[in-house]
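**Q** Make the full structure from the sequences, and use the hints.
In terms of the numbering used here, the sequence shown is residues 75 to 513.
Since the hints were derived computationally from the structure, they do not count as laboratory data.
Quick reminder that beta carbons are idealized off the backbone N, C-alpha and C, glycines included.
It cannot be assumed that every hint is accurate.
What the hints assert, rightly or not - Quick list of simulated restraints, FRET-style, between CB atoms:
id	residue 1	residue 2	range
1	Ile88	Phe300	47 to 57 Å
2	Pro472	Leu166	21 to 31 Å
3	Phe312	Gln78	47 to 57 Å
4	Ile311	Met117	46 to 56 Å
5	Gly112	Ile272	50 to 60 Å
6	Ile272	Ser122	56 to 66 Å
7	Ser395	Phe300	49 to 59 Å
8	Pro502	Pro459	24 to 34 Å
9	Met117	Pro205	51 to 61 Å
10	Phe312	Ser389	42 to 52 Å
11	Asp434	Met512	48 to 58 Å
12	Met512	Lys482	40 to 50 Å
What the hints assert, rightly or not - In the DSS-like style, the derived pairs of lysine-lysine whose C-alpha atoms are separated by at most 25 Å in a straight line are:
id	residue 1	residue 2
13	Lys201	Lys342
14	Lys298	Lys351
15	Lys201	Lys468
16	Lys376	Lys201
17	Lys351	Lys201
18	Lys154	Lys201
19	Lys298	Lys275
20	Lys351	Lys154
21	Lys468	Lys154
22	Lys275	Lys482
23	Lys298	Lys201
24	Lys154	Lys298
25	Lys154	Lys342
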Amino acid sequence: MDAQLIVGVAGVAIALFLIFLRVPIGVSLALVSIIGIGIVADMDVALSIISSTPYNFVGQWELSAAPMFLLMGYLCSETKLTNGIFRFLQMLLHRLPGGLAISSVTACAIFSAASGSSVATAGAMSKIAVPEMLNRGYNPSLATSTVAAAGTLGSLIPPSILLILYGVYSNTSIGQLFMAGVLPGLLTVVLYFSMIIIRCKINPELYGRGTGTTESYSRREILKAFTQVWALPTLIIFVMVGIFYGWFSPTEAGAIGSVTAIIIATVKGTMSRTALKNAVYEAVYSTASIFLIMIGSIFFTKFLALSGVPDAFTSFILSFSEERWWIVVSVIIIYLILGMFIDSIGILLLTLPILLPLVDVAHLDLIWFGILLTKMLEIGLITPPVGLNVYVIKATAPPGISLETIFKGVIWFILCDAVFLVLIYFFPAIVTYLPSIMR
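**A** Below you can see the structure in the form of structure tokens.
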């Protein structure tokens with residue numbers, strides 16, 4: 075192992091250590107990278123990269139999709155366009171075993187399509203769905219784990235911030251990535267549905283001994299509930315159809331979605347100066363945080379390239395086997411381990427500089443690979459000891475519900491995700507079909 079490679083490996087280890095110490099990810103990556111480049115090259119090179127990289131990076135047109143979709147999501151939340159979705163779905167699905175849990179999964183899927191954030195989805199739904207399920211006698215483990223797991227759909231169902239970042243970093247079409255996430259997102263929902271129904275059929279006590287099935291709602295009540303929630307699904311469908319048919323680019327879609335959300339909220343009477351101010355503030359804050367991490371990641375990519383770590387890692391993995399299954403399993407193992415300790419964006423931007431050369435050598439489809447990574451990042455949100463979504467649910471759950479209770483329930487959803495991984499491996503068209511027919 076030559077000296078440059080040793081410096082590169084040491085840099086990766088130090089970066090991970092700093093992240094574990096809760097040093098901001100962007101700062102950790104940038105600090106290690108600048109010092110590392112100074113060692114493997116010289117400080118003049120490091121200073122040159124510092125002076126040019128941030129501006130060149132944030133000036134990319136494709137990256138502006140992130141703040142636009144963040145703004146759309148925050149506008150929908152601040153103007154209450156997301157209100158009433160859970161109640162409407164409860165009316166439609168209450169007769170099914172575990173109907174409230176199924177309603178929670180569906181509501182999370184819809185909310186995540188607006189927010190693009192798993193943590194935001196889990197946080198919002200935990201305040202609505204979990205108390206309702208607990209009041210109806212649902213098993214605490216099922217009630218809390220359902221929202222924790224379904225909240226992860228925000229990473230996969232478009233528009234997803236993770237898919238935008240992956241697309242920019244890997245030079246892959248963001249529009250195609252969005253379309254690639256649709257069927258996998260729906261498949262995840264179906265798997266969760268099936269597991270909940272089967273478990274509740276076998277053990278009715280999981281959902282309050284079926285007490286929810288005695289309710290009934292008139293068509294007028296259901297129609298009234300629909301009139302309160304139609305705007306959000308319509309907005310999401312409009313944006314995704316526009317991207318699919320090429321009416322507008324992902325960035326334009328985010329901007330159009332934001333303007334449309336403002337118009338809808340104004341017509342409904344839920345728009346206010348405070349709501350607009352809060353939405354813009356949250357979007358700017360989140361964008362700045364994400365961009366800081368990505369700038370650090372770009373520094374890190376240049377450092378690793380100079381030190382030879384990506385090539386060494388690729389050679390190491392392929393030395394065991396060049397089979398596709400082995401490469402996929404290796405990536406899954408790496409993400410499972412990192413997902414226990416680091417947040418999703420950090421993992422993605424930390425590993426892409428190392429993994430993308432491996433993908434190129436193995437001739438894996440970049441769009442398919444992006445969905446695989448995103449699903450693994452979803453799983454990381456509910457795996458111990460970090461499991462960020464689990465902690466979000468715990469923060470709003472009644473005092474008597476422990477982390478252990480939530481994690482026990484989450485295991486069932488992780489098994490569903492394992493089935494998902496097997497299915498997209500053997501049937502990659504689940505991911506690649508929609509992107510292949512885009513206009």
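**Q** Is Lys298 within 25 Å of Lys275, Cα to Cα?
**A** Outside the cut-off at roughly 31 Å; violated.
**Q** So the hint says 50 to 60 Å: do the beta-carbon atoms of Gly112 and Ile272 match that?
**A** holds (58 Å)
**Q** Is 56 to 66 Å respected by the C-beta to C-beta distance linking Ile272 and Ser122?
**A** Given range 56 to 66 Å: holds, Cβ gap about 59 Å.
**Q** Are Phe312 and Ser389 spaced within 42 to 52 Å by their CB atoms?
**A** Distance hint for Phe312, Ser389 holds at roughly 47 Å.
**Q** Lys298 and Lys201: Cα distance at most 25 Å?
**A** holds (23 Å)
**Q** Checking one constraint from the list: CA of Lys154 to CA of Lys201, max 25 Å. Satisfied?
**A** holds (14 Å)
**Q** Quickly compare the C-alpha distance for Lys201 and Lys468 to 25 Å and report which way the hint goes.
**A** holds (11 Å)
**Q** Take the C-alpha atoms of Lys351 and Lys201, compute the straight-line distance between them, and say whether it is at most 25 Å.
**A** holds (23 Å)
**Q** Please work out if Lys298 and Lys351 have their alpha carbons no farther apart than 25 Å.
**A** violated (30 Å)
**Q** Between the beta carbons of Pro472 and Leu166, is the distance compatible with 21 to 31 Å?
**A** holds (27 Å)
**Q** Checking one constraint from the list: CA of Lys351 to CA of Lys154, max 25 Å. Satisfied?
**A** Distance ~14 Å between Lys351 and Lys154 Cα, so the pair holds.
**Q** Taking the beta carbons of Met512 and Lys482, is their distance inside 40 to 50 Å?
**A** holds (41 Å)
The structure fails to meet hints 11, 14, 16, 19 from the earlier list, while all remaining hints are met.
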